Amino acid sequence: MAHIPDGVLSAPVLIAGAAISAVGVALGLRGLDPTRIPRVAVLSAALFVASLVHFPAGLASVHLLLNGLAGIVLGWAVFPAMLVALLLQAVLFGFGGVVVLGVNTMDMAVPALLAGGMFRLLWRQGAGPRRAALLGGLAGGGAVLLSALMVALVLAASGRAFETAAGLVVATHLPVMAVEAAFTAALVSLLARVKPEMLARPA
Amino acid sequence: MSPAASRDGGFDSASAGRPLMARLDPRTRVVLALAFSLTVVAVEHLAALVLALAAALVLAVLARLPWAATLRRMLALEGFMLVVLALLPFTVPGRMVAEPLGFAVSAEGLTQAAAIALRANAVAVALLALLGSMELVSLGRALGRLGAPERLVHLFLFTVRYVAVLDGEYRRLRLAMRARAFRPAAGPHCWRSVGYLFGMLMVRSLERAERIDAAMRCRGFTGRFHSLEDEAADRPGILDWGFGAASTAALALVAGLGLS
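If you read the protein sequences in the order shown, they are chains W and U. Under the working numbering, the first residue of the first sequence carries the number 1, and numbering increases by one thereafter. Under the working numbering, the first residue of the second sequence carries the number 1001, and numbering increases by one thereafter.
A hint or two may mislead.
[Claimed, not checked] Here are the simulated distance ranges between beta carbons:
hint	chain 1	residue 1	chain 2	residue 2	range
1	U	ALA1179	W	PRO34	36 to 44 Å
2	U	VAL1137	W	THR35	18 to 26 Å
3	U	ALA1042	W	LEU153	34 to 42 Å
4	W	GLY128	U	LEU1146	45 to 53 Å
5	W	PRO34	U	ALA1042	33 to 41 Å
6	U	ARG1145	W	LYS195	33 to 41 Å
Calculated from the structure, these hints are not laboratory results. In this text, all values refer to a predicted model and were calculated from it rather than measured experimentally. Cβ atoms here follow ideal geometry from the backbone N, Cα and C, with glycine treated the same way.
Working from the sequences, and respecting the hints, build out all of it.
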């Protein structure tokens, strides 16, 4: 859903999105020790693969965004990781475009960063898997909601004609939010049991 | 998922009989893709956008993209974009042309929806033709040589590699679930199981990455790659300059039409 194609948004929105993403990517790369790159790449590839998998939710089939999870395990590196994943999707599948890459990255990475920050603030090493599941669900669902709101905001800021569509974007993502929350809760509780150090600090 | 998987190890066949697109310097293609997108996003006029879409289709022919797959991708704009487009004729104020079921359809809205559909498709086709038909490793290197940050290029190259690896891993885990009679159906059980599936995928990937990290340090990796091909030597050839000039002319025509 963060695949707004080229040609929809207005120039000021595009420029603002590109500027915010550029700052985020620069900060993410600066904190990225070159020898840690393989690890971040494996995680961003895992997220890319996961986002290609569609699964049923009621009548529709949804694909996961996983940006809340990405924020938890990647920290600031989520900006470059999202940029790479979105570039791959644009080049391989024609989803999204080049000029909107900045806006799309921002819509996905900013909520991810916030969700990850919230998670790390409230989760302590050694806390049980139940607490991890609760916080993970909150981060997963919250990041999707925030992404949908940002997409809606970006659309609405590009012209009054998009306001109805913006509302629809948020409405259609409410079920995705529920699925993503359940999914992330299960995943994070598994990580808390199997590999808790993954939650304690970003890769 | 299959497009990513099929790319794994897809080495270029012999250079004879390669499409024109494949003989261009990767950097030429990246620069062109960028110029094309910027031009198309900037112009408003419908005639110019039709011309741009035609240009994108010419690129697709030059890259010998498979027609059926390309068409399918053009139609496969994401669902919510289709909704956005379908709503525009009703939400843009302007001259009324029809009134189905009491909702006014404006001419301006129809024009705007057409413009967006043309733009999105033109950029998508051009991207697939210029960049999608290229080996992703060449794309990463070209980005690096055009000045993209080194760490970002490394991240891109590693990610490309691991997408194929993880795809295989995912299939293996999924097969194991199917062997235990798991069937996806809406409901908490399915969502939780898929959550565990990806949790396991991430744990395994991270452990794999730690092994890779150790192996790379063993071989003296300090954060730099050393390319075996002497890339500084190959310069854009006459083909690149010629193709670049032709494309610039075409883009100028699009821009001229669009701004007049």
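Practice task
List, from low to high, the hint numbers that the structure doesn't satisfy.
Solution key: Violated hint: only 3; rest satisfied.
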